[in-house]
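Number of protein chains: 2
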Amino acid sequence: MAVAQVIIELKKGITDPEGTNTKKALNLLGWDVRGVKSGKIFEIELSQDVSEEQAMVQVEAMCKRLLANPVIQTYEIRMIEG
Amino acid sequence: MAVAQVIIELKKGITDPEGTNTKKALNLLGWDVRGVKSGKIFEIELSQDVSEEQAMVQVEAMCKRLLANPVIQTYEIRMIEG
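Chains as they are written, first to last, in the working numbering: chain X, 404 to 485; chain A, 404 to 485.
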């Protein structure tokens, strides 16, 4: 069983209203924060006994096809269980 | 400058419709996925020159106060730049 963690963030230059407003709220609460970037995370449990390399390839295909929008988002894949 | 990555996920047992539907969609697209958990991620750039320990304490306070809902969510803090 392989578990992959996929972190999806907005590309640089893409407006991130959630991040901007979170930063404002943290500043209003008294914290000295310079910037906040928001993003999504998916933990994907693959049911086959696949190798780490195969899992990487599969999860990358999932990102391209469904999970991320390559026009405005970047994705990063980490295997958290081999 | 310290940058902290905060990963916010739902606690076990809390319904995760986004995860469930992402799993369904991945299955429909032909991938053999056993489960998907969805969550949020924040990258917080602290503007003071704080030590890693101080940054941890600050970011944990931010999670408790604003970023996470401790009733249904868990958070995990990683310092990605000391």
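If you are wondering where the hints come from, they were derived from the structure by calculation, not from laboratory data.
Careful: at least some of the hints might be erroneous.
No distinction is drawn between identical chains; accordingly, a pair holds when it is met within one copy or between any pair of copies.
Claimed, not checked - Taking lysine-lysine pairs in the DSS-like style, the calculated list, with each CA pair at most 25 Å apart, reads:
# : residue 1 : residue 2
1 : K414      : K467
2 : K467      : K443
3 : K427      : K467
4 : K427      : K443
5 : K415      : K467
6 : K440      : K414
7 : K414      : K443
Comparing the hints with the structure gives:
{"no.": "1", "hint": "K414 x K467", "verdict": "within (15 Å within a copy, 28 Å between copies)"}
{"no.": "2", "hint": "K467 x K443", "verdict": "both (15 Å within a copy, 19 Å between copies)"}
{"no.": "3", "hint": "K427 x K467", "verdict": "between (32 Å within a copy, 17 Å between copies)"}
{"no.": "4", "hint": "K427 x K443", "verdict": "both (20 Å within a copy, 18 Å between copies)"}
{"no.": "5", "hint": "K415 x K467", "verdict": "within (18 Å within a copy, 28 Å between copies)"}
{"no.": "6", "hint": "K440 x K414", "verdict": "both (10 Å within a copy, 23 Å between copies)"}
{"no.": "7", "hint": "K414 x K443", "verdict": "both (13 Å within a copy, 16 Å between copies)"}
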